[in-house]
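Undergrad: The chain contents come next:
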Amino acid sequence: MADALPIAEARSLVARARAGDFSALEQLYRAYERPVYTLARRLTRSSDDAEDVLQETFLEVCRSLKQWRGDGSLWGWVRTIAASKALMRYRREKLREWEPLEDDAAPASGDLPLQLDLEAALARLPERSRAVVWLHDVEGYTHEEIAELMGMTTSFSKSQLARAHERLRRWLGQGAGG
Amino acid sequence: MSETRHGTSEELLALRDGEGSAWVREHVTACATCAAEVERLEQVRAGLRALPSFAPARDAWPAVLEAARRERRRQRFSVWSGVAAAAAVVVLAFAVLHRSSQPAAVDVALQKAMAESAAMEQMFESLHPDRRALSGQAASVVADLEDQLARIDAALNDTTTWRSDPDRVAGLWKQRAGLLSALVDVHETRASVAGL
Chain B
1 MADALPIAEA RSLVARARAG DFSALEQLYR AYERPVYTLA RRLTRSSDDA
51 EDVLQETFLE VCRSLKQWRG DGSLWGWVRT IAASKALMRY RREKLREWEP
101 LEDDAAPASG DLPLQLDLEA ALARLPERSR AVVWLHDVEG YTHEEIAELM
151 GMTTSFSKSQ LARAHERLRR WLGQGAGG
Chain S
1 MSETRHGTSE ELLALRDGEG SAWVREHVTA CATCAAEVER LEQVRAGLRA
51 LPSFAPARDA WPAVLEAARR ERRRQRFSVW SGVAAAAAVV VLAFAVLHRS
101 SQPAAVDVAL QKAMAESAAM EQMFESLHPD RRALSGQAAS VVADLEDQLA
151 RIDAALNDTT TWRSDPDRVA GLWKQRAGLL SALVDVHETR ASVAGL
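Quick mapping for you: the protein sequence lines, in order, are chains B and S.
Mapped onto my numbering, the consecutive letters of the first sequence carry residue numbers 1 to 178.
Mapped onto my numbering, the consecutive letters of the second sequence carry residue numbers 1 to 196.
No wet-lab data here; the hints were simulated from the structure.
One thing to keep in mind: the hints can contain errors.
One side of the interface only, derived from the structure: several residues of chain S facing chain B at Cβ under 10 Å [stated by the list, open to error]: (1) Trp23; (2) Glu26; (3) Glu37; (4) Leu51; (5) Ala55; (6) Ala57; (7) Ala63; (8) Arg72; (9) Leu145; (10) Leu149; (11) Ala154; (12) Ala155; (13) Asn157.
Quick caveat, the model's predicted, so the values are computed rather than measured.
Even for Gly, the Cβ is constructed at its ideal location relative to N, Cα and C.
The following block holds chain B by itself, in its conformation from the complex (with noise of 0.2 Å):
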């Protein structure tokens, strides 16, 4: 996602904001309510968490104002601070998810494709390996960026996102060979 603040403009809010402006607060919150929301929704696993996330993310943000430097992207300071508050739900739930769904056993004959489409396909990953595949595919990390963000190898990031896209494949239909 592009900035939805010029980076002019969220220097100056952002200044406002470290003041003690709350309306400059709200206007950074509202520029980033939905992008961080949406970040959430794909990241966890109800609307319910995504909400928690949304409100965690702000706080953090409201607390930690003075470390961004303003020579960087403040969306793309945010988005990490509301990819650390989703990831840390996992943490926090042990969640235990990385063993293999039963789609990952080897195919049977005959074990026809869901065709799903892709929004059914994505919600049907794992919660973490669709963080992986949110995080690489869409929002732009690197697999180096996300295994320290996950705290785990970057092998095992690439790993989960090959993984991810071989069950992608056969949800949406697309076997082997196109």
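Chain B is fixed; fit chain S onto it per the hints.
TA: Coordinates of chain S only, in the frame set by chain B:
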């Protein structure tokens, strides 16, 4: 004859992302199956990027604002004395250098206003405002007072205010003390009504 195996998903994804190995780059130029798979992976990525965004069902801004105000109160209480002391040094230095005919007046008015503000701030914090439930009307009054307080704090935290208009600074501290006094009144009234 070169290798006959196809590229793995990981290798083809790396190629899609512009990071493929020399082998896979060469392989894809000669293998229609792998070339088609890279094209398909590009299409999936484009499809993901085109998925619609979501809007939250509830507006989280009121909760964020309330938390931001709490945070501001906490920060103000913990740092105000340091800011005030540093600012006082600035204004006094300015007064001595540029207004040598009236340093005493600036000094006295400022010191008095800052002392009043400090006393009110301590009284306000001693009431533990974050722990009190307020009626809708009282909460609205408190929100308005705190917004005014935030604007004054912003002006006092801006060093240009001190440099360009030092006479105004004492007035701001006085206004600050007045607003804190009003906040104390609201919370004390609430405590009295509730029998706390």
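Undergrad: Kindly indicate which numbered hints from before are broken by the structure, ordering the numbers from low to high.
TA: 1, 2, 9
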